[in-house]
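K.L.:
Spelled out from the first residue to the last, the chains are:
Number of protein chains: 2
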Amino acid sequence: MDLIALRTANPDHWTKATAIRALTLDAIVAANSGHSGMPMGMADVATVLFEKHLKFDATNPTWPDRDRFILSAGHGSMLLYSLLYLTGNPEITLEEIKNFRQMGAKTAGHPENFLAKGIETTTGPLGQGISNAVGFAIAEEIQRAQYGKKVVDHYTYVIAGDGCLMEGVSQEAIGLAGRLELSKLVVLWDNNNITIDGTVDIADRTDQVRRFAASGWHVIEIDGHDPAAIDAALIQAKGSKKPTMIACKTHIALGHAAQDTSKGHGALTDQGQLLAAKEAYGWAHGPFEVPADVKSAWEAIGSRGAAERAAWQARFAELSERKQAEFTRAYAFEAPKKLSGAIRALKKQVSEEQPKWATRKSSEEVLKVVNPIMTETVGGSADLTGSNNTKTADLGIFLPENRKGRYIHWGIREHGMAAAMNGMALHGGIRPYGGTFMCFTDYARPAMRLAALMKIPSVFVMTHDSIGLGEDGPTHQPVEHLAISRATPNTYVFRPADTVETAEAWELALTFQQSPSVLSLTRQNLPTLRTEHKTKNLTAQGGYVLAEATGKRQVILIATGSEVEIAMQARAALEAEGIGTRVVSMPCMELFAEQDEAYRKRVLPAGPVRVGIEAAMRAGGWDRWLLGERGREAKAGFIGMTGFGASAPAEELYEKFGITAAATVAKAKELLG
Amino acid sequence: MDLIALRTANPDHWTKATAIRALTLDAIVAANSGHSGMPMGMADVATVLFEKHLKFDATNPTWPDRDRFILSAGHGSMLLYSLLYLTGNPEITLEEIKNFRQMGAKTAGHPENFLAKGIETTTGPLGQGISNAVGFAIAEEIQRAQYGKKVVDHYTYVIAGDGCLMEGVSQEAIGLAGRLELSKLVVLWDNNNITIDGTVDIADRTDQVRRFAASGWHVIEIDGHDPAAIDAALIQAKGSKKPTMIACKTHIALGHAAQDTSKGHGALTDQGQLLAAKEAYGWAHGPFEVPADVKSAWEAIGSRGAAERAAWQARFAELSERKQAEFTRAYAFEAPKKLSGAIRALKKQVSEEQPKWATRKSSEEVLKVVNPIMTETVGGSADLTGSNNTKTADLGIFLPENRKGRYIHWGIREHGMAAAMNGMALHGGIRPYGGTFMCFTDYARPAMRLAALMKIPSVFVMTHDSIGLGEDGPTHQPVEHLAISRATPNTYVFRPADTVETAEAWELALTFQQSPSVLSLTRQNLPTLRTEHKTKNLTAQGGYVLAEATGKRQVILIATGSEVEIAMQARAALEAEGIGTRVVSMPCMELFAEQDEAYRKRVLPAGPVRVGIEAAMRAGGWDRWLLGERGREAKAGFIGMTGFGASAPAEELYEKFGITAAATVAKAKELLG
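Protein chains in written order, with UniProt numbering: chain B, 1 to 673; chain V, 1 to 673.
Excised from the complex, chain B in its bound form (with noise of 0.2 Å):
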């Protein structure tokens, strides 16, 4: 690469792109650890767009109607702290960027969200950024369509590398992106044909400029040094009717000894190196130094939105105060007013009509609460509609020609979907949800860990959530499945008994701010438990009294879900031969195990056997051999699964597998000996 030649066709780039590769090659000495060639290598790219395209005020890196910038190759980390220090991010500062990935510093190994404003979404493993960035421009377009151009016109720009390509994640977006014409979307390939592992090509020949284009993109290859080139694609970007993949051919670690080497993707640290590189460059300045005026000039660009966002403030204020307290709740993620009275009311319904539903199909009736008094929802299903129970009919289908559409048909792509919804919830003013079979979770688990990780009130809508589902088979039947959510921090997941239980769980979940929640449906019918209407949320609490023993308390029985129904015939059948039982829904754990102690002992007290009854797998880990195998507190015993399940019709199951109520008392009369 001759780098003369682009140091003097165009010094003042030269110079704002150098600071990013010097700031970066400076913070990982320093931290002797991270990812050099990517931020080095397309510095280019980024200078030219932050300078000429997108639209944002540094100052003010909260402002909804900004452009969205997502780093997908998220290990590039220094690429994004360099632009927000250099344009003025009041919290990426120079001490920020000396503290690269150490202890308690805003610049994080990788980009993460919930650590400084600015930050649009947490990557770094592969293929999530470009996802997310499917579901911001989804946001994006169901906003503009709901609030009108003048307060909702923006793109979202990627920049993705090889790795977010390979992960099969990006197909799926991809797809979807084609398939919805999401033409403020840009993605920018960094073409740089180096993994960690050597050549690209050791691994994968495909045409990306051909894939993509076989998804409906609008494809441009353009040389990522080029300042001209660069800007010349971002304006045919921009104009295009559908998505746009620029592909950058570039130089992983540009100038660097490492240039074009699977040395230069990773953590560059030789001082000689540096020095070298930096004399290569024509930039004499020292650790951390960026001259005053091109500080000054990348400020200028920071501050460049500035007019603008005082412009559409203005136009903000024009909207109607409704649709501004609207718009303003949406993006606090604050419920609206009405919904615990319409929970309430469906819950008092439900108790006195006592429907024979499976909880897929109440959670359909309470969506058709939800939806009409919160327009932030998104539903959709990952092509599977009708056994989800996700739309309700006032939810029209988001396509190109409709943009006010609040349900998508994901297609068979619940990882893209997870990713999107978390983009969709990212880009702030839009509350997701989206079904699949709960098997499936398996799928869509490294975008619902990240929901997790980033603090996204997403809800995922997981039914046919056991062996309950029947003829199916083990494929489609969880069991680890529940252990794995319950496993995953910040996640509550949610397994509902009846229609009350599942109307006070969406409840909950349409009220967390910081927290995904995950609901476990049956696919099965299941009887009305809740027969007394309780104003209350027992739900809120995780675990209830739900029956209480007659004479003296000898068994508790805990349950979830479809199987309290069996607890409540085992706890006939005890109470039928003089031993009180008690049975506790717990349609919670991650909720009960918030409660205060007094309240854990008031529900679960000493004493009485107990016997745990779930359709899934008892996932003891670690309290197995900490805690005993017999139990302090009481003698315990569980009906639930001990492997996988198998396929024939739901009944047949559970008696196959000991998940019945003669098994529950044979249990309790065993374990009082």
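Just so you know, these hints were derived from the structure itself, not from any lab. Since no wrong hints were added, every one of them can be taken at face value.
Capping the alpha-carbon separation at 20 Å, the derived lysine to any residue pairs in SDA-like fashion look like this: (1) B:Lys117 <-> B:Ala310; (2) B:Lys242 <-> V:Arg210; (3) B:Lys263 <-> V:Ser387; (4) V:Lys455 <-> B:Gly643; (5) V:Lys361 <-> B:Ile196; (6) V:Lys656 <-> B:Leu115.
Given the coordinates of chain B, work out where chain V should sit on it, guided by the hints.
P.N.:
Using the frame of chain B, we list chain V on its own:
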């Protein structure tokens, strides 16, 4: 669709294909569940494939050199069961067809490889079959290179639907197959433009032909109901130097009232419509009735390969005895006799030399011993070779120009890797292992679950297994992934504490014949703790006493992996204060749970305070509520993670999250009171 024209154009073909359609309709009506449309749409393609191309011998379904037929669109299982029954598979009898989806039937809702020979893989979760198939095709290439074309020379055929192609993992498979030039892989795409939610184009308009071509595939487009076109395409495919995708334009639920509709995808159970369809087919036979001449014609197809198989047997007998034994041993997943001696020698050496290695490095040292004596191992990494330490010098890279290569650069494709590993193992003759960061278990998870369900002894080498990876931060730090793998049935999770335990874990993993293993390995260096050589594999017991208390045993510290070192430090501190402390190393909870109760009680006797130490979530789940929060056998505490990690140097993170010897000592003393 003009059925009359189809019937008359090629009546022999029509009758054979109609037998599949009729059986499908009958079975699904009887079961009142299933998926009718796909078998009815793809019956013509399958008939031509089986009649004219597939090399198989129906009564010897495990003949190693048979062509493999993979039904990636597994919901269409009646297509496969019909073909197996009609051609004379010994296990899929008419009785089994009549018992479709019933308890104990081999004809489960989705094909399950472990229920009957002739079912090559377990499908249903979409995208898996086509990704398994890449592994099948790789295995064929490697075995052909190892044993010669006379013994190994067969094709892998896949039927995939729109759902398979929309799942992201299919892109990983397509990219791999294209790059690796797997010319003996043929995908037949059921291009029917229908999914559950509607026509495909509500969610996707990808030009699949262009997409496959972009990744280096040979692509052919045909009418999937024209036998001559199907035949011609298959002939072309077999002559191609690239993998081939045949786009078969078909009508879902051909000839039924639900043809070409979403309804046609599912269970068509209307008796009147069934009769009307049979009428339209010209099929005047009762339920499950296949006229003798039609059955004979199909059985002739089934025995077409008998002579070829016999000739193969003769050629196989010409291999050297050593080669024959090796081939047979590898197919049976039997470890070579030399293995345990070699592992013992390594254990002895490291017990003496006491290296301070990260367990990922320990794993590499074990592989250096294993790979030369197990020619069936095929290793790889999802673009983290240098970090996962999965490559040994003797393994060449598997590429078109080196089919003897036993190391695969999978690219940034964790899911595709795991699914292809499943395929390699299912093909037979290969014992695959593959690496990525443990956190990215998330990406590979759908295929890892299927490995467990399918009873495949793959080894997943998961490095960087805790906050010990340091600066990369919480996106890369597993905290719940041990719990996830431990919750999965039939999966052994090993978290070795040093090189000796790593060698023992590998020995066990390589000896399993029906279970996958997950190796949880550190990035950071660890001391050798097993400094006294024992011939016996102590890890085989799951947990064992690593260090005994001197004097009265007051505390038991239970730890895994990198935290065993902390336990040993804490023990030293406690013992110095006169508090007798036992350390239990528990590298595999599943194996410990399998020991008899007497052994478990010996290792964990009631009485002493217990403290668990693991840099991961405690993930108690049910046991906390059943066993009581404080434990019966002992007062118990846990030193570990309670949420996501952070980005900082590893040692600082251990301090920050309180996973230290000092915290362990404090916890033990607190519990002692």
